[in-house]
Amino acid sequence: MNEITYIICLPIFAGILLFVIPEKLKTIKGIFASAISLYALYQSILVFTGQVGIYDLSQLVGNTSISSLYANSLNDAAKYVTFNIDSLSQLIILFVNIFAFLIVIYSLFYIDKKKKVYNYYAFFLITLGTSNGAVLSNNLLLFLTFWGILGFTLYKLIKGADEESSSAAKKTLAIVGASDGIMILGIAIIWKITNTLSISELHLATNNALTITAFITLLIGSFTKAGAFPFHTWVPDYAKNAPASSSAYMPASLDKLLGIYFLARICNNIFELNQWLTLILLSIGVITIITAVMMALVQHNYKRLLGFHAVSQVGYMIVGFGLGSVIGIAAGLFHMLNNVLYKTGLFLVSGNVEKQTGKSDIDDLSGLSKTMPITFMCALIFALSISGIPPFNGFASKWMIYQGIIEFGQGTGIANQLWIVWLGLAVLGSALTLASFVKFISGLFLGRRQKEFEKVKEVNILGWLPISIMAIGCIVFGVFSTNYFVPKLFNPILGEINLIGMWNSTSVSVLVLASIVLGLIIYMIGNIKNFRSEDSYVGGGETMREDSGMATSEFYETIRNLGFLSTLYDKAEKRYFDIYNISKKIILWFSKGLQGLHTGVLTNYALWIFAGLIIMLLILL
Amino acid sequence: MAEQLFYFLIYPGLLFAAVVGAFLSWYDRKITAWVQFRKGPPLFQPFYDFFKLLLVKETILPKHGSKGVFLAAPIFAVFGASIAGVFILLPLLGIESGFKGDIIVIFYLLTIPSLTYIIGALATGNPLAAVGGSREMKLILSYELTFILVLAGIIQKAGMSISLNEIISLQVLNGVFGGSLSGIILFIVFIFCIQAKLALVPFDAPEAETEIAGGIMIEYSGTPYAMIKLAKYIMFFILPAFLIGLLWGGLNFEGINILWSILKILFVVLLLTLIRNTNPRVKIKQAVRYFLVWMNLLAIIAIVLSYFGL
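Protein sequence lines, in the order shown, are assigned to chains B and D. Each residue of the first sequence is one higher than the one before, counting from 1 in my numbering. Each residue of the second sequence is one higher than the one before, counting from 1 in my numbering.
Just so you know, these hints were derived from the structure itself, not from any lab. The beta-carbon is built from N, C-alpha and C at its ideal position, and this holds for glycine as well. There may be inaccurate statements among the hints.
Unchecked claim - Listing some non-contacts, in silico: residues in chain D with all C-beta distances to chain B over 10 angstroms:
{"no.": "1", "residue": "K30"}
{"no.": "2", "residue": "D49"}
{"no.": "3", "residue": "L181"}
{"no.": "4", "residue": "A226"}
{"no.": "5", "residue": "W260"}
{"no.": "6", "residue": "N279"}
{"no.": "7", "residue": "I301"}
Unchecked claim - Derived pair list, reagent style DSSO-like, types lysine-lysine, alpha-carbon separation capped at 27 angstroms:
{"no.": "8", "chain 1": "B", "residue 1": "K529", "chain 2": "D", "residue 2": "K63"}
{"no.": "9", "chain 1": "D", "residue 1": "K57", "chain 2": "B", "residue 2": "K529"}
{"no.": "10", "chain 1": "D", "residue 1": "K67", "chain 2": "B", "residue 2": "K455"}
My request is simple: use the sequences and hints to build the entire structure.
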């Protein structure tokens, strides 16, 4: 299996090679990275269509024993270096490489001299190689190694120029790093119980405290990567401060694919969930959906708004996996793919707008639909997809999740009896998503055209091609969802999927086209030729002032100020619920206590040492 | 495909639903006139309105807005209303075909018209339209949860079935859901959801003629406004029809049952009309709170009651 070597090692070595090329040759570095990424994409297609199976090191490098030392070290390494290609990892690998390629194309346009992210392409390629490695590795230690490197490259892909962005980078590194540390504990427990670390051999029932602890530690790792409550707080800050292509690459696409891939592995392969864990998963799922989208509703910075949505959508996937049924898991995976399509697209759209206008606040922008038509059309498609408007892809996967919830409600467990709670909150989350994207779309693209933006130009082909491909992907995945993509992609992983509802996505899409034609005919029959353009009417005799308009960001002030919600919002904006700030406070409190002991007086230290010695003696004797 | 196009465009989709909806709108206006001691419009007034807007009236486009989006929005409003109409009316009229949507699909399709009004309104760049759009969106946020809770209650009553066909046939066999205590509560909540979905008084804050001069509709005129009228006529018929299908055992067109079916629809529309004629407009904040607290509470009570078989 040479493909495995190519998709893992080639990007990593190419990335390391890029460190020696000077930063001035950024374009050359970019083209080189695109070529490597394209080749990795080709190899990943071979993996996708190729054989499944478990591969160890000897099959990859061959048994050519040059020296006994080499052979011995190879033998030791072979215990840990095993790769597993099954239907799930094939699918994830394909999507990782597709998105890496699309985003590297976009980066050629987006990363210029102003965006001082040093060694962007080098870290980009290393991220690609390690992501492929993490998905394919069959050994938990190997997996953790790749997983850890990803946390570091995530940190390096953000520009640490000013105080805010470097603190965001620090926060990201702290949260992601801490979660990796917690995962080590879980892996140690698994080793203790089973004496094996290979993922394909593990199958643990969660019936005692030890396995449940192991499950929760691994769950924390997956939640932090994917960005689920309460470990999500790095995502919005990262999205706000990182270059749009970095946020599209890591939190929006690769981290989602990897985090949810790992969630699928631990929920389906490594552990067997009991009903309390199901209840916990479903609760975390809906809490993630609602809290993140409520925060998104009141944001003014559009990149931060998108960051909160990157969190909220993860909730749907967790609900899908929490259900544990075939429909639920298929829905979770399908929602993951759809989410990666539109969320990556939205981040790239935000990059386009930011690059062309230089503004990062919804309040400062309006009426860009005429000057940036392609970006606007793509943004509209992504926004409708993420809000679950039929017949786009977001609707198809959300609808499958609702089916899963209703089917789940037929069971007798505690979580099953609460199905209406899960359904109601998931639907409410979808409506709130729609609301915040109405704000996003109207704030940026609709509304009154301003003089300031008359000269704004549409981005060039490198900027609009990736988002157009993703927008077409959103439409195609939606139109052919139930009759082609769902059986094609998920039957190999999960077996036959029986949906309980009815949704003729293709026929309805044809009817959309029919109604567009009908609409045009009505306009032709109607008196549309007899038109004139007038300034807006606001009552009274005078025409409107040039700068009047309604600030779109104030749309949901009513909800912001509604009773107890306003208290919650106030606290949330002061970051009372941010796990990073909470743990920072706890650590500072402890260190203050310890500082009190650091008096600098020698006799005190000597007393401590003696006291310690006496305690040790008492224990040992 | 030709069959589906027929369902969509002629019967029971666009044309049929729009004609019935137009007559219902006349009925609504006539009742309103009687309540206010007026004579009321002639029977074909809704058609006169539609064709005058379509063929005679001048269309005014927003100079500083996005004209393309402004003109495209009504097309999708008509689409959303018609396709939801097809999925609701096919089972209700007893037409058997493979072209189906479950009630979750219908729920989502019914949101499309309101969404297109919002996008169309925001594309104009008119601040009053933006005020209206934001109110409409907040209204959607508040009734959407209530609406899905009502549907969940009905799904629970129907033994976890989400197909409208099955829900209707279950009611034909075992008696209507609307007959039980929980069914009556669900009916009341559903009526208020329809009221908000159609933006009728007391939930007409998005349009509020006297306050923001039509709000989301302020810039629409001529042909695009005719299309919006079309979508509104359809919605005015299919929402009561959906309610009847879910709680009152659907429609039946055999013998004397025709009269019953027509009376069911007229009764539901009468309720809507009377509510809108006897209530003042509530502020958007009051509307949000009304649904968020009281209507959700009622829906949850109904669900708990139906859980215990009441």
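Checked hints:
Residue-level check passed: D/K30 sits 28 angstroms from the nearest beta carbon of chain B, beyond 10 angstroms. For D/D49, the shortest C-beta to C-beta distance to chain B comes to about 14 angstroms, beyond the 10 angstroms cut-off, and the non-interface label holds. Under the 10 angstroms C-beta cut-off, the non-interface status given to D/L181 relative to chain B holds; the minimum distance is some 18 angstroms. Not every C-beta of chain B lies more than 10 angstroms from that of D/A226, the closest at about 7 angstroms, which undercuts listing it as non-interface.
Against the 10 angstroms criterion, D/W260 stays outside the reach of chain B, whose nearest CB is about 28 angstroms from its own CB. Chain B leaves D/N279 outside its interface by the beta-carbon criterion, the shortest separation being 20 angstroms against a cut-off of 10 angstroms. Even its closest Cβ contact with chain B, about 13 angstroms, leaves D/I301 beyond 10 angstroms, as expected for a residue assigned away from the interface. For the hint linking B/K529 to D/K63, the alpha-carbon distance of about 16 angstroms falls within 27 angstroms, and the restraint holds.
With a CA separation close to 11 angstroms, the supplied pair D/K57 and B/K529 stays within the 27 angstroms bound. The straight-line distance between the Cα atoms of D/K67 and B/K455 is roughly 19 angstroms, inside the 27 angstroms bound, and the hint therefore holds.
Checked against the numbered hints given earlier, the structure breaks only hint 4 and satisfies all the rest.
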